[in-house]
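Colleague: Those protein sequence lines, which keep their order, are chains A and B. Numbering of the first sequence is given in the working numbering, commencing with residue 1 and proceeding in unit increments. Numbering of the second sequence is given in the working numbering, commencing with residue 1 and proceeding in unit increments.
Think of the hints as simulated: they come from the structure by calculation, not from any bench. Among the clues, some could well be false.
[To be verified] Just the calculated beta-carbon pair ranges, DEER-fashion: (1) B/M623 to A/G205: 37 to 47 Å; (2) A/G205 to B/V454: 52 to 62 Å; (3) A/N42 to B/N175: 14 to 24 Å; (4) B/W157 to A/L120: 55 to 65 Å; (5) B/N117 to A/A127: 57 to 67 Å; (6) B/E541 to A/S122: 37 to 47 Å; (7) A/T69 to B/S453: 51 to 61 Å.
The structure displayed is predicted, hence computed values, not measured ones. Don't be surprised by glycine CBs; every beta carbon is placed ideally from N, CA and C.
Here is how the chains run, residue by residue.
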Amino acid sequence: MNSAVQALECRSVSKVFGGLRAIDNVSLAVPPGSVCALIGPNGAGKTTFFNVATNLFPPSSGEVKFFGTDLSRRSPHDVARFGIIRTFQTARVFPGMTTIENVMAGAHLHVHSSALSQMLWSRKARAEERRLSFVADALLKMFDLDRYKDSAASELPIGVQKLVEVVRALMAKPRLLLLDEPAAGLNDRETKDLARLLRAIRDAGTTILVVEHNMSLVMGVADCIFVLDAGRLIASGPPEVIQNDRNVIDAYLGRTEERAG
Amino acid sequence: MSSIVQIIIGGLLQGGVFAIAALGFSLVFRVTNVVNLSQGAFCVLGAMGMYYFQVLFGWPLLASAVAATFCSVIFCVLVGAVTFVPAASRLPTSSALILTAGLLTFFVGVTLLIWGNQPYSLPPFSGEAPVVVGSIRIPSQGLWLGAVSAVMIAALWFLLQKTALGRALRACSENPAAARLMGIDLHRMILLSFGLAALIGSIGGILVAPLMSIQFDTGHFFTIFGFVAVAIGGMGSFGGAIIGGLLLGVAQQFAAYYVSSLFSNTLALLMLLAVLVLRPSGLLQSDAPRRTDVRDEGRVQRPLVRTSSRTALILPMIILVVLVAIPAMPLSNGLLGSLVITLILFIAVLGLDVLMGFGGQVSLGQAGFMAVGGYCSAILATNYGWSPIAAVGSAIVLSVICALILALVTARLRGHYLALATLAFGLLVDSLAIGLVDVTGGPSGLVGIPSFSVGGFSFGSSVRMYYLTLALCVLLVLALDGATRMGFGRALKSVRSDQLAAAALGVNVGRIKTSALCVSAALAALSGSLYAFSFHFLSPEMVETPRSFELIAMLILGGESTLIGGFFGALVLTMLPTLVQELAIYKTAVEGAILVIMFLVMPEGIYGRALSSLDRCVRLRGMEANVGAKA
Chain A
1 MNSAVQALEC RSVSKVFGGL RAIDNVSLAV PPGSVCALIG PNGAGKTTFF
51 NVATNLFPPS SGEVKFFGTD LSRRSPHDVA RFGIIRTFQT ARVFPGMTTI
101 ENVMAGAHLH VHSSALSQML WSRKARAEER RLSFVADALL KMFDLDRYKD
151 SAASELPIGV QKLVEVVRAL MAKPRLLLLD EPAAGLNDRE TKDLARLLRA
201 IRDAGTTILV VEHNMSLVMG VADCIFVLDA GRLIASGPPE VIQNDRNVID
251 AYLGRTEERA G
Chain B
1 MSSIVQIIIG GLLQGGVFAI AALGFSLVFR VTNVVNLSQG AFCVLGAMGM
51 YYFQVLFGWP LLASAVAATF CSVIFCVLVG AVTFVPAASR LPTSSALILT
101 AGLLTFFVGV TLLIWGNQPY SLPPFSGEAP VVVGSIRIPS QGLWLGAVSA
151 VMIAALWFLL QKTALGRALR ACSENPAAAR LMGIDLHRMI LLSFGLAALI
201 GSIGGILVAP LMSIQFDTGH FFTIFGFVAV AIGGMGSFGG AIIGGLLLGV
251 AQQFAAYYVS SLFSNTLALL MLLAVLVLRP SGLLQSDAPR RTDVRDEGRV
301 QRPLVRTSSR TALILPMIIL VVLVAIPAMP LSNGLLGSLV ITLILFIAVL
351 GLDVLMGFGG QVSLGQAGFM AVGGYCSAIL ATNYGWSPIA AVGSAIVLSV
401 ICALILALVT ARLRGHYLAL ATLAFGLLVD SLAIGLVDVT GGPSGLVGIP
451 SFSVGGFSFG SSVRMYYLTL ALCVLLVLAL DGATRMGFGR ALKSVRSDQL
501 AAAALGVNVG RIKTSALCVS AALAALSGSL YAFSFHFLSP EMVETPRSFE
551 LIAMLILGGE STLIGGFFGA LVLTMLPTLV QELAIYKTAV EGAILVIMFL
601 VMPEGIYGRA LSSLDRCVRL RGMEANVGAK A
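Please take these sequences and the hints and turn them into a complete structure.
Modeller: Following this line, the structure appears as structure tokens:
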């Protein structure tokens, strides 16, 4: 088949809840080094697809491969270890921790000193700690979040919390970053900033798949867009193609005959 | 043959007692998802009230039963309204669980104040003569118990399934937020369930009082075995509560008859562990499916103790200087001895803080690890002549092995089931400490334990022991501060806050929990060993399950996830009864009240509050200085 290894490849994935086909035979591929977006009207199955793709629950049929590897039997932390990091639709910052702690918690996979050497305040552990906090500071600054550094993360506005979550995910240095509606709760200017940052992250070598409602973010940032409707993939391609796709317009605005009737 | 039948009947009677307590657990759990540990106290209050009206005032049976039930329910509802209701609606379920442990202690303390510490017993309802069927004798009170329990279960089932009120109660358990939006008064429903549980408990207490003797602390017994019964039968299922209770009773009677009454509890607890491992949700699953995904995996809101690194240093430094100077002051030897105990218990609280404060895993079995460590050291040093250091080392290893086994066994358990498993572990250790007379000396304890010594240098005097424990505490605080400040601590806190999100970042949740449990077990073993070496004596009641609750109270009182806070908790709860001897009778009630009040009023604890006020002062100063500089 295709010789290039895709960052994420789904082959005829279906998910059935009871009698409901939440996802119906979806095949798609996210090429490495790209930003792809998954869009669709409410109830199209975006979040279900996302959860299947991130192993939160297994598909009823079909297969999901990350960089050519089937991870469906792996535990969530193994998936993360493999370089696939996700954020959540409802911001899930860690309450009871400050913003900087939250962000540094994202670097868990890159803490190599043992708990014992941390107990002994070993030189290696302290050096690692300094390095991580330096990276965290830099990332917070890049996202213009440094003023919230020492605030309780759960007391920040929702939009800011979602950005903190993105920064936290970046601390894990993912190969594939899966973002679930990162722009929810952001205003126009912040959304534009986010689009710019996402492109910068892609250029630094991280593949991104984003599920999003916000069209201005999607059209501004995605190299490739997949459109889901009622569990089926109804269109895929670059933004300018999707914008003029008959099926997509129908899905979002209702069918022509219905509108006429 | 007839002896077996007789054992079974005895077991069913015993089991009926457990089932009554289990029923109340089940009801409150269904409505609030909180395991209400104060359930056992309701039974005692009912029974004690009954004694007042029936025996002292000489009222007729029915009138005194009604009056006793009425009084105890009113009292419980009044207390519940200001404690349990805000807790169950506001605190995470694990905190509410600990709050109810405080309530239990409070009720036990109040019972001690009113009725003293002598045992009471009531006459059976319809005379002493048993009902004889063939060659089998059934105490008539057993029939009363069975019949009234059946009526109560039927009434409860009807209330929950067939009435609008019951629908509202069930809605609260399914989805409290949505129930509220539908106009259901959540607070009133929680209070109602608490009141109903008090009603069941009181009636149950009145029914079982003639079968056993009731004492101020019988509440612990009811709570523990009711809890075990409901866990075996299935949380939140009424049928499960009854079956669990009866099974437990029968199993205990058989163990007592065929093995030894010393081991009757051991068997019950092994049974509980087996059920927890094989069928974590109990033999009978709740008929109301519950969305554990939303509640158990919930995100835990904790007060955030924030300090800049410099201010965080001031307080510990002051404390350390005071502590180092204390032996130079003119103090009685007894006071210094109490300080040694404070520091030793502080070590166990430190372990608990790593597990509970940072890791968010409730352990009701910390004293069990203290016992494992304490007995291991004491036996090796006393009977086998090992050097204390080697004995302590082996004790820590043994305790960590126990923790690993427990972690392995409970790997699938979450939330309150983990709390349950640790409780079962603690109780199992209790029963072994009492039962293995040849090894542990049984109830009368181990005597002649040598003083702690290192290479010929003995820590026999209290001053030497004081400096030894102080040095150990300082080293441990420094070490744990390092680990909790860096990667390990962040992983722990992320698991405490949100397991799903933590796993998505690559945190191996099971492994982190296991390491926290091991750290906590190691420190408990160290603490238990020093405890034995410092008293030269170790008996089961020094490291029994009530001690686990006391350690939790110390942690909450001092402040969770502050490390040093536990010292103040240990200090207050150790010193209070020694300083005011004549008030010792109030100790239990005050201890319970402190725990409950702290949770509701100052959840960050004494030390946490002190730190944040200090921090605020420093920040304000800094701001003023900035403003001054600009002007």
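Colleague: Evaluate each hint against the coordinates.
Modeller: Comparing the hints with the structure gives:
One distance hint, 37 to 47 Å for the beta-carbon pair B/M623 and A/G205, holds here, with the actual separation near 43 Å. Between A/G205 and B/V454 the beta carbon distance is about 56 Å. The supplied range of 52 to 62 Å therefore holds. The beta-carbon spacing between A/N42 and B/N175, approximately 21 Å, falls within the hinted interval of 14 to 24 Å. In this structure, B/W157 and A/L120 meet the distance hint of 55 to 65 Å, their C-beta atoms being roughly 59 Å apart.
Between B/N117 and A/A127 the beta carbons are some 59 Å apart, a value that agrees with the proposed interval 57 to 67 Å. Judged by the Cβ atoms, the range 37 to 47 Å given for B/E541 and A/S122 holds: they are separated by roughly 42 Å. Range check, A/T69 to B/S453: Cβ separation about 58 Å, and the 51 to 61 Å hint holds.
The structure is consistent with each of the numbered hints, conforming to all of them.
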